[in-house]
Each structure stands twice: as structure tokens, then as C-alpha cells.
Amino acid sequence: EAGVAQSPRYKIIEKRQSVAFWCNPISGHATLYWYQQILGQGPKLLIQFQNNGVVDDSQLPKDRFSAERLKGVDSTLKIQPAKLEDSAVYLCASSLLGYEQYFGPGTRLTVT
Amino acid sequence: TQLLEQSPQFLSIQEGENLTVYCNSSSVFSSLQWYRQEPGEGPVLLVTVVTGGEVKKLKRLTFQFGDARKDSSLHITAAQTGDTGLYLCAGAFRGSQGNLIFGKGTKLSVKP
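The listed protein sequences derive, respectively, from chains A and B. So in the numbering used here, spot 60 of the first sequence is number 60, and the numbers just go up one at a time. So in the numbering used here, spot 86 of the second sequence is number 86, and the numbers just go up one at a time.
Here chain B stands alone, though its shape is the one from the complex:
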């Protein structure tokens, strides 16, 4: 059974601070995605990473895929209150037919 572990589970910071959240698995991902979910809404896709060592940037968000494709990180620079939400990583594994396994998420609160 493939499991994804996300850490930290909760994070409360002040506006302007930097933060990193992590996603780890004991299995190798064929691809990994990061989503952001706001209360009362469905998850919104932020990025997909496929290649080990890959780094993708989306404005102030930097996503990194581990060389062994078993872990990933999301770094936010100069957090804003609009970054508040639940950050979910979701992994697809070889042979999973497009099925994603989701982590429990990191609940981020950015205070003004």
C-alpha cells in the first residue's frame, strides 16, 4: 500500500515569512502533483512534476521533486494572506492507471 506523508500538518506564520512543506513516500512516484484547497472548494492543481530532481517555479512558489522520485517539497517565499489554505500532495505510481494517492495535507495559515 502506497502512503504519502506530509509535514508539517499545521503551519501558522506571519505575512512575509518563508516556509517549506514536505511530501514523502516509501514508494517511487511516476508523477507527483501539488494542489491547494480553500474551505468549501475542491482542490486546485498547482503543478505536476515528473522528472527526478525537477524544480518548477510558480511566482513565489518553488516545487522540487527528489532525485529518487520519493519525495517533494513546496517552498513559498514571502508568504501572503492569500496563500492561506490546505496544501495537498498527490502521487501517481507506476501502473496506477491515473489514480492519485493523496496525503493528508498541510494546513497553512498566513496572518497579516
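For reference, chain A alone in the conformation it holds in the complex:
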């Protein structure tokens, strides 16, 4: 079974620019998560989708971050405008039932 796919794997942008990340979850997984992992930290949940609806976006900085999962399958996460402190790895995960989540390889974002 194919795992969670993410692209791009790496991205370097200047502050105030915009960037978008893409995630394709494991087939059949209804729940999709976006996490931010800053160097030396554990992943922090940004947003959780159940099918195409948002379950939890309480930690998403909504003034600059947005995410969508229009058809309940793949998802995009956007940052506009980016700040230096947004430099991190952005992880996408999916789950079928319960709490077991399967992660993609992540996108490493560097904001200069």
C-alpha cells in the first residue's frame, strides 16, 4: 500500500513570499493532519480534517496559514506571507480510525 505522499520535499523562500505544500494521504484514510515540526521539537498539530471538513484548526495561525481538502482526498497547506519563524518541517499524516497516524516524509521549509 502506498504511503502518504508530500511535495515538494524542500523549499527555500524569502520572508513575505508565499508557499504551498501538497499532501496525498493513504487511500481510504478519512482523516488528514498537518503538523509543524520546528528543529528540536516534536510535531505540533496545525489542522485536522475529517473528509473535507475541518475538525480542529485551533493552532493554525489563520492570519497567514490556510489549508483545504476540497474533495476529501488530497490537501494543500499555504503560508502567505511567510515569516522567518515559519522555517520548519511540515508533516502530513493520515489515519483510518482511532489514533494511529501514518506520516509522510515532510517538506522542509527554509525562510530567509
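Incorrect hints may appear among the rest.
Stated by the list, open to error - If you want a taste of the chain A side facing chain B, the calculated C-beta under 8 Å gives, among others:
no.: 1; residue: 30
no.: 2; residue: 31
no.: 3; residue: 102
These are computed hints drawn from the structure, not numbers from a lab. All residues carry an ideal CB built from backbone N, CA and C; glycine is no exception.
Model the placement of chain B on the given structure of chain A, informed by the hints.
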């Protein structure tokens, strides 16, 4: 706010040694998971524990869930260089809708 504390933060040992890492919280988990993350990759699920006092074994790895479901430990017997990585615990709390709270991780280095 639920927090997970992991200890130690860093651990460097020789191949063949045993080690234990810990995960603690002041809140009760409904379930807890252990992940291993290698550089440039997303976390990979190792085990899920649900019942207080539960012990699970995965080859040389032994996972224990505390009786009160507030703590967990991961013990590795006869560590190998391939065990090197970041070990993350992640807890789900009652009513969290599948959201996981991650600890900061234990960075393990096993030297030949």
C-alpha cells in the same frame, strides 16, 4: 493544557548497551503511541498502548504503559546502530478527537 515530557532529551551509547527512555504527563492518556523518526523522514509508528499496565514487545523494544495511564517507557535491549533516531511519544486524551500531543523526543545515538 496537556503536556508530555520525555527524558532524557539526548542519549549516546555504545552498540550492545541497554537503554530506557521515558514519557510522562500530568494528565491521563486514552492511548499513547511511540514513533521513531530518522533525519529527513516523517515519524514511523512503532506501537500503540491503550490499557494501563500494558506491556508490548517489538523484537528488542519493550514498551510499557503505566498503571495510571500517565506515563510510558521504551526499553531497548542490546542497542544496534540502526536504532539511532529520534524517539517520540504521542498521547491522545479523552475527547481529543484523535488529536495527538507529541513530546519533544529523545535523540538516540548508538555508536559502533
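_Numbers of the earlier hints that this structure fails to satisfy, in rising order_ = Result: hint 1 breaks, nothing else.
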